[in-house]
Amino acid sequence: MLSYYEAREQILAAVGLLPIEDAALLEAAGRAVATAVISGQTLPAFDNSAMDGYAVRAADCTPGTLLPVKGYLPAGCNTDGQIIPGSAIKIMTGAPVPPGADAVVPFEETVEFPDQIRLLGTVTPGDHIRRQGEDIRPGDRVIDSGTVLRPAEISLLASLGMASVRVHRQARVAILATGDELQEIDQQRCAGGVINSNSWALAAAIKEIGGVPLLLGIARDNRESLRVKLLEGLQADALITSAGVSAGDCDLVREVLDELDVRQHFWKINIKPGKPTAFGMKGNVPVFSLPGNPVSTMLTFEEFVRPALLKMMGHRTVLKPLFKARLEIPYKKKAGRVQLMRVSLKLDEDGMMLAASPGDQNTGILRTMINAQGIAILDAERDCYAAGDQVKVHLLGAATDLGY
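At position 308 of the sequence shown (counting the first as 1) the number is 307 in numbering that gives the first Met the number 0, and the numbers step up by one without a gap.
If you're looking for bench data, these hints aren't it; they were derived computationally from the structure.
All of these numbers come straight from a predicted model, not from anything done at the bench.
One or more hints might be untrue.
[Said to hold, decoys possible] Once the Cα atoms are required to be at most 30 Å apart in a straight line, the calculated DSS-like pairs of lysine-lysine come out as: (1) 333 <-> 345; (2) 281 <-> 333; (3) 206 <-> 281; (4) 391 <-> 271; (5) 323 <-> 333; (6) 281 <-> 267; (7) 319 <-> 331; (8) 319 <-> 267; (9) 345 <-> 331; (10) 274 <-> 319; (11) 271 <-> 281; (12) 274 <-> 333; (13) 319 <-> 332; (14) 274 <-> 332; (15) 267 <-> 332; (16) 391 <-> 319; (17) 281 <-> 331; (18) 319 <-> 345; (19) 345 <-> 271; (20) 332 <-> 281; (21) 323 <-> 274; (22) 331 <-> 267; (23) 333 <-> 319; (24) 281 <-> 323; (25) 281 <-> 345; (26) 319 <-> 206; (27) 274 <-> 391; (28) 267 <-> 391; (29) 271 <-> 319; (30) 323 <-> 267; (31) 391 <-> 333; (32) 332 <-> 345; (33) 323 <-> 391.
[Stated by the list, open to error] Label pairs and their in silico Cβ distance ranges: (34) 139 <-> 79: 24 to 34 Å; (35) 386 <-> 265: 32 to 42 Å; (36) 350 <-> 99: 32 to 42 Å; (37) 389 <-> 5: 20 to 30 Å; (38) 231 <-> 92: 56 to 66 Å; (39) 20 <-> 184: 49 to 59 Å; (40) 350 <-> 20: 35 to 45 Å.
We treat Cβ as the ideally placed atom computed from N, Cα and C, and that holds for glycine.
Can you build the whole structure from these sequences, using the hints too?
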């Protein structure tokens with residue numbers, strides 16, 4: 000049986016990159032750049048004022064000096080004439096600095112009169128001027144491949160005049176729930192029926208990372224139903240199934256995948272929960288067969304599917320950083336398997352991250368998942384942790400609320 004780390008390594012080694020396409024800026028937000036972006040522009044494009052104030056020559060300025068105001072430069076204007084020695088020009092933030100001026104004096108550092116100003120302090124060449132090219136010059140490598148486009152990167156691309164950017168295609172991920180007991184949300188409940196929540200959870204998780212979920216519905220516990228649905232799912236960029244991968248009489252998913260020439264890389268990972276997780280490949284299409292319990296489904300997606308899909312979509316960083324946290328209360332586990340422990344997280348007064356179980360760790364308790372902000376990776380060889388012991392934790396999903 001593979002370890003937690005071996006399973007993840009095998010999956011990441013098997014999946015490849017999706018094709019590259021041009022995407023408009025807003026469509027590219029949240030996606031990874033496929034090729035490095037090299038600037039063809041200069042930023043700022045010209046010397047401009049960083050403040051509302053007065054453009055001056057520093058040589059004309061000493062505290063108490065009176066300077067006549069000989070013009071006005073709003074942002075967006077053109078300026079051709081030089082500043083007259085011994086004078087000032089009123090200038091707004093972003094306006095081009097007139098030739099001959101080498102400093103800007105903010106309004107608050109002057110006493111203003113109808114046609115002149117009195118300087119209150121010293122002026123140094125370069126004060127409050129944003130110099131041409133001080134940020135970016137032509138030929139600069141401004142965004143590396145694999146970088147996720149946040150608002151800051153989108154702003155930079157727009158500033159460089161780029162209306163589109165090269166990114167990897169979004170992963171189209173087919174999602175198939177299996178089981179005779181399952182019902183869809185809009186079906187009338189019957190005795191013994193269970194609502195198919197896994198497909199919705201997986202779809203939300205895929206959307207959260209920028210993929211495109213494709214809901215295939217429910218396959219029943221027979222070969223024909225599974226075969227039809229699995230064949231449809233194998234047309235996508237990746238396929239995720241939930242349930243049907245254990246060792247019960249009705250757990251047929253792996254058998255039917257084998258009949259469809261999906262090459263199994265492994266079945267079972269030495270973790271809790273999520274042991275019966277399986278992974279295979281059909282050509283370039285990865286197939287993730289996850290346990291059916293909703294908590295196990297979400298945790299195995301988080302640990303194994305999420306990094307793979309991010310790699311396929313060109314992300315440079317696919318694994319979440321691990322933080323050190325201290326347990327608030329003791330915790331016992333069985334030795335022999337890595338445990339994925341749902342934890343609530345908070346920061347103490349000293350900024351130390353504290354972790355605690357938000358409730359029963361039984362995989363049937365969905366509320367524990369809702370109240371968790373992170374996952375603690377508990378070592379396989381350990382069977383107990385004392386209060387204050389350090390554990391490795393990563394955030395769960397897009398969790399950021401770590402309030403005091």
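So, going through the hints one by one against the coordinates:
1. For the hint pairing residue 333 with residue 345, the CA-to-CA distance comes to about 26 Å; that is within 30 Å, so the pair holds.
2. At roughly 36 Å between alpha-carbon atoms, residue 281 and residue 333 are farther apart than 30 Å, so this suggested pair is violated.
3. About 23 Å separates the Cα atoms of residue 206 and residue 281, which keeps this hinted pair within 30 Å; it holds.
4. A hinted pair counts as satisfied when its Cα atoms are at most 30 Å apart, and residue 391 with residue 271 qualifies at roughly 16 Å.
5. As the CA atoms of residue 323 and residue 333 are separated by approximately 22 Å, the hinted pair is consistent with the 30 Å bound.
6. Distance check on the hinted pair: residue 281 and residue 267 sit about 19 Å apart at the alpha-carbon level, within 30 Å; holds.
7. Restraint check for residue 319 and residue 331: satisfied, since their Cα atoms lie roughly 25 Å apart, inside the 30 Å limit.
8. Proximity of residue 319 to residue 267 is assessed by CA-CA distance (about 23 Å); at most 30 Å being required, the pair is judged to hold.
9. The hinted pair formed by residue 345 and residue 331 meets the criterion: a straight-line CA distance of about 21 Å does not exceed 30 Å.
10. For the proposed pair residue 274 and residue 319, the alpha carbon gap of about 21 Å is at most 30 Å, so the pair holds.
11. Taking the CA atoms of residue 271 and residue 281, the gap is near 27 Å; set against the 30 Å cutoff, the hint holds.
12. At most 30 Å may separate the alpha-carbon atoms for a hinted pair to count; residue 274 and residue 333 meet this at roughly 14 Å.
13. Our distance criterion of 30 Å between C-alpha atoms is met by residue 319 and residue 332, whose separation comes to about 24 Å.
14. With a C-alpha separation of about 15 Å, the suggested pair residue 274 and residue 332 falls inside the 30 Å cut-off, and the hint holds.
15. Using a Cα cut-off of 30 Å, the hinted pair residue 267 and residue 332 holds, with the two alpha carbons roughly 19 Å apart.
16. Between residue 391 and residue 319 the CA atoms are separated by roughly 11 Å; this keeps the pair inside 30 Å, and the hint holds.
17. At roughly 40 Å between alpha-carbon atoms, residue 281 and residue 331 are farther apart than 30 Å, so this suggested pair is violated.
18. With a C-alpha separation of about 18 Å, the suggested pairing of residue 319 with residue 345 holds against the 30 Å cut-off.
19. Simply put, residue 345 and residue 271 have alpha-carbon atoms about 24 Å apart, close enough for the 30 Å limit, and the pair holds.
20. Restraint check for residue 332 and residue 281: the C-alpha separation of about 37 Å exceeds 30 Å, so the hint is violated.
21. Pair hint residue 323 plus residue 274 holds up; C-alpha atoms about 25 Å apart against a cutoff of 30 Å.
22. This hinted pair checks out: residue 331 and residue 267 have alpha carbons roughly 23 Å apart, not beyond 30 Å.
23. Under the criterion of a C-alpha separation no larger than 30 Å, the hint pairing residue 333 with residue 319 is consistent with the structure, at around 26 Å.
24. Pair hint residue 281 plus residue 323 does not hold up; C-alpha atoms about 38 Å apart against a cutoff of 30 Å.
25. Using a Cα cut-off of 30 Å, the hinted pair residue 281 and residue 345 is violated, with the two alpha carbons roughly 43 Å apart.
26. With a CA separation close to 17 Å, the supplied pair residue 319 and residue 206 stays within the 30 Å bound.
27. Of the pairs offered as hints, the one joining residue 274 and residue 391 holds, with about 20 Å between alpha carbons and a cut-off of 30 Å not exceeded.
28. Only pairs whose Cα atoms come within 30 Å are accepted, and residue 267 paired with residue 391 is accepted, the gap being roughly 23 Å.
29. Of the supplied pair hints, the one linking residue 271 and residue 319 holds, its CA atoms being roughly 19 Å apart against a limit of 30 Å.
30. Under the criterion of a C-alpha separation no larger than 30 Å, the hint pairing residue 323 with residue 267 is consistent with the structure, at around 28 Å.
31. Annotation: proposed proximity of residue 391 to residue 333 holds, straight-line Cα distance about 18 Å (limit 30 Å).
32. Distance hint between residue 332 and residue 345 is fulfilled; the C-alpha atoms sit about 23 Å from each other, no more than 30 Å.
33. For the suggested pair residue 323 and residue 391, the alpha carbons sit about 5 Å apart, so the restraint of at most 30 Å is met.
34. The hint said 24 to 34 Å for the Cβ distance between residue 139 and residue 79, and at roughly 29 Å that hint holds.
35. Against the hinted window of 32 to 42 Å, the Cβ-Cβ separation of residue 386 and residue 265 comes to about 36 Å, which satisfies the hint.
36. For the pair residue 350 and residue 99, the beta carbons lie near 51 Å from each other, so the given range of 32 to 42 Å is not met.
37. Distance hint check: the CB atoms of residue 389 and residue 5 are about 24 Å apart, consistent with the given range 20 to 30 Å.
38. Between residue 231 and residue 92 the C-beta distance comes to about 57 Å, which sits within the given range of 56 to 66 Å.
39. In this structure the hint that residue 20 and residue 184 lie 49 to 59 Å apart at CB is violated, the actual value being about 34 Å.
40. For the pair residue 350 and residue 20, the supplied restraint of 35 to 45 Å holds, since their beta-carbon distance comes to about 43 Å.
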